[in-house]
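Engineer: Protein chains in written order, with this note's numbering: chain F, 1 to 128; chain L, 1 to 128; chain X, 1 to 128; chain Y, 1 to 128; chain R, 1 to 128; chain S, 1 to 128.
Hints are computed from structural coordinates only; laboratory data are not their basis.
Take the hints with a grain of salt, since some may be wrong.
Claimed, not checked - One side of the interface only, derived from the structure: several residues of chain S facing chain F at Cβ under 10 Å:
| no. | residue |
| --- | --- |
| 1 | Phe6 |
| 2 | Val10 |
| 3 | Gly37 |
| 4 | Asp66 |
| 5 | Gln70 |
| 6 | Asn71 |
| 7 | Thr72 |
| 8 | Phe76 |
| 9 | Arg79 |
| 10 | Trp115 |
Predicted model, so just to flag it, every value in this text is computed and none were measured.
C-beta atoms are modelled at their ideal positions from N, C-alpha and C, and glycine is treated no differently.
Number of protein chains: 6
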Amino acid sequence: MIAHSFRGQVFGPAQRLHGATYVVDLEFRRPELDSDGLVVDIGLASTALAEVLSDLNYRNLDEVDDFLGQNTTTEFLAREVFDRMSQRIAHGHLGESARALTALRVTLHESHVAWASYEGALPTSADG
Amino acid sequence: MIAHSFRGQVFGPAQRLHGATYVVDLEFRRPELDSDGLVVDIGLASTALAEVLSDLNYRNLDEVDDFLGQNTTTEFLAREVFDRMSQRIAHGHLGESARALTALRVTLHESHVAWASYEGALPTSADG
Amino acid sequence: MIAHSFRGQVFGPAQRLHGATYVVDLEFRRPELDSDGLVVDIGLASTALAEVLSDLNYRNLDEVDDFLGQNTTTEFLAREVFDRMSQRIAHGHLGESARALTALRVTLHESHVAWASYEGALPTSADG
Amino acid sequence: MIAHSFRGQVFGPAQRLHGATYVVDLEFRRPELDSDGLVVDIGLASTALAEVLSDLNYRNLDEVDDFLGQNTTTEFLAREVFDRMSQRIAHGHLGESARALTALRVTLHESHVAWASYEGALPTSADG
Amino acid sequence: MIAHSFRGQVFGPAQRLHGATYVVDLEFRRPELDSDGLVVDIGLASTALAEVLSDLNYRNLDEVDDFLGQNTTTEFLAREVFDRMSQRIAHGHLGESARALTALRVTLHESHVAWASYEGALPTSADG
Amino acid sequence: MIAHSFRGQVFGPAQRLHGATYVVDLEFRRPELDSDGLVVDIGLASTALAEVLSDLNYRNLDEVDDFLGQNTTTEFLAREVFDRMSQRIAHGHLGESARALTALRVTLHESHVAWASYEGALPTSADG
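Using the sequences and the hints given, assemble the complete structure.
Structural biologist: So this is what it looks like as structure tokens:
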């Protein structure tokens, strides 16, 4: 639940300080399940996402250092969440089994009709 | 899509400037349909709601004169939309037939899991 | 999934022959559960609703005798389904236990944002 | 996410041990907002609901002492959650302000099409 | 909200004149965001979609010249909306930035359980 | 609506016998529509899915021979439904036209926030 404003005529009234609720969905992909029959440990994944979001939630993003000079659009934020989750996966926060994940899709729903996703490959163990 | 902040320890991190997307549903009630077989002219109702919301949308509610010193919670805003729609109904903005409406419920969804409603009787023609 | 047209300027382009998908929800009410711990036998209720809808589905309602000279609006059809279900309840089609139902609400969703309901009391055994 | 079985021919194959996911919604009502502009402290309400559900979640309800000889239907469980939340409200677990709540509705969704609710008045401070 | 009928035994009762509500979702894809941080100007995209749909809405598709001799199934209509949106993108109706879009997916929901999509690549500037 | 238990510390309280409701969505893909303008005969597809699910529904999966020694996680079951539907497609249960389907995605929703999919290519006629 963040506040922000946008720069650029294309944004019309959204150039004013306003806000949004984002509901965040994650979609993890892998070709084969792990030995427990899982794609990912949903408990560890939820904890990691909660950590990522707690750095952004209940803030005015116009004042967050990382985003200075940046339009924090829904699609930009989807990429940001993707990058921060990818790092946590690479650092083992989602468990050893999660290193076999091959792709991640992050979706931010800003209302019941508007959303944006970022989707990309994850570095595999073999790449590491 | 508004920005605002709350005063009171109960709000925790929501005391900071943050924001929310509200999806607004209206539920109109009447005992009998009008001569066209309708509860309300959905075109006129949508226009009236759009007018009401355009006064609130893309704003920092902390700076709106009507709300000074007020926590603009979801439940407070539901009541506010109810009052503004009731006035428009009483003034004939939803058509003559809409004067036979007996009740209105306004729901603001702030996410897929959290929402607040205000519901109440509408003054009938006989009251006027 | 019906076709129909409306008469009256208020309907604008919907005066032309067009169509709609209706998703129908039923809400049964009673003060106490029956001896099985149920509000209603959901199997019998589904069968009765399927019968009611099969008389209406895949039709041009402009050509259905029961509706001649009638705008078959969503709100009108909600009442129609209510009446037909009430009859089936009174005739025992939903089982003996269903005679203790006190109210029914019928909702027709015509899209993810527009719907109409009819809700009313059901005659109780004591009334019969 | 519970397992259970039902007794009674009306349940057909659900007489076998099977299971269900329930998504639980609470709707709190009061005539006037509290001094913070709230219906209820959503944080305290969520904690209380989590406590209530943790006694039921990931269990075979056929083996829970409180439910022996009882069909744990969706509608029965809605009442059970209502009773347990009412007690917590009466005992002040949702804060002093929550004593002004006048009604509660508990809905258990068992799928995207089937649900059951229990709704009733809450004892007010004046009753206590 | 269209009326239509189908030819072919596979359609059963849908061979009769009937109707449907379609809720239309568009999903635009591009590898990099534009200089405003956007995938697409959602205002221009909504206007273009509204134009495309206004040619189809509130009609009996059996009488639309473009569709003579054609079963206007949900999946056929998804392709039709895709083609008409692609043309508008190519003609610059969604802005210069939209020429960098690489793919489009069009989904028509005909109820809460049934839908069809058409998805394909968009010609890029380099192709033009 | 199944009961089951899981083996492995990662499952925490889900190691106890519990249960779940799964709502199953199928997504069929093909490059060109068939001569009726369809991706698949939705009637035949629904019948085939109902058959597949009737072997699993209202059961304790811990006691199903096919799954002995297997954690019947949501993602495992998605694959299982995929395999059983693929066989029916290959055997012509969805009609001759369905042999031109190129891919299938099976999604099991276990709540409004958690789901798992399995998606893969289908053998084409040319492969057969």
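Engineer: Look at each hint and say if it fits the structure.
Structural biologist: Structure-based check of all given hints:
Below 10 Å, beta-carbon pairs count as interface contacts, and phenylalanine 6 of chain S has one with chain F at about 8 Å; its hint therefore holds. Against a cut-off of 10 Å between C-beta atoms, the interface hint on valine 10 of chain S holds, since the closest Cβ of chain F lies about 5 Å away. Annotation: interface hint on glycine 37 of chain S violated; nearest CB of chain F at approximately 28 Å, more than 10 Å. Checking aspartate 66 of chain S against chain F by beta carbon gives a least distance of about 14 Å; that is not within 10 Å, so the hint is violated.
Evaluation of the glutamine 70 of chain S hint against chain F yields a held restraint, the C-beta minimum of about 7 Å falling below 10 Å. With its C-beta approaching chain F no nearer than about 4 Å, asparagine 71 of chain S sits inside the 10 Å limit, and its interface hint holds. A least Cβ separation of about 8 Å between threonine 72 of chain S and chain F falls short of the 10 Å threshold, and the interface hint therefore holds. This hint holds: phenylalanine 76 of chain S has a C-beta 5 Å from the nearest C-beta of chain F, less than the 10 Å allowed.
Interface hint status for arginine 79 of chain S: upheld, as the beta-carbon distance to the closest one in chain F is roughly 8 Å, under 10 Å. Satisfaction of the interface hint for tryptophan 115 of chain S is found here, the shortest Cβ-Cβ separation to chain F being roughly 9 Å, below the 10 Å cut-off.
In summary, the numbered hints that this structure violates are 3, 4.
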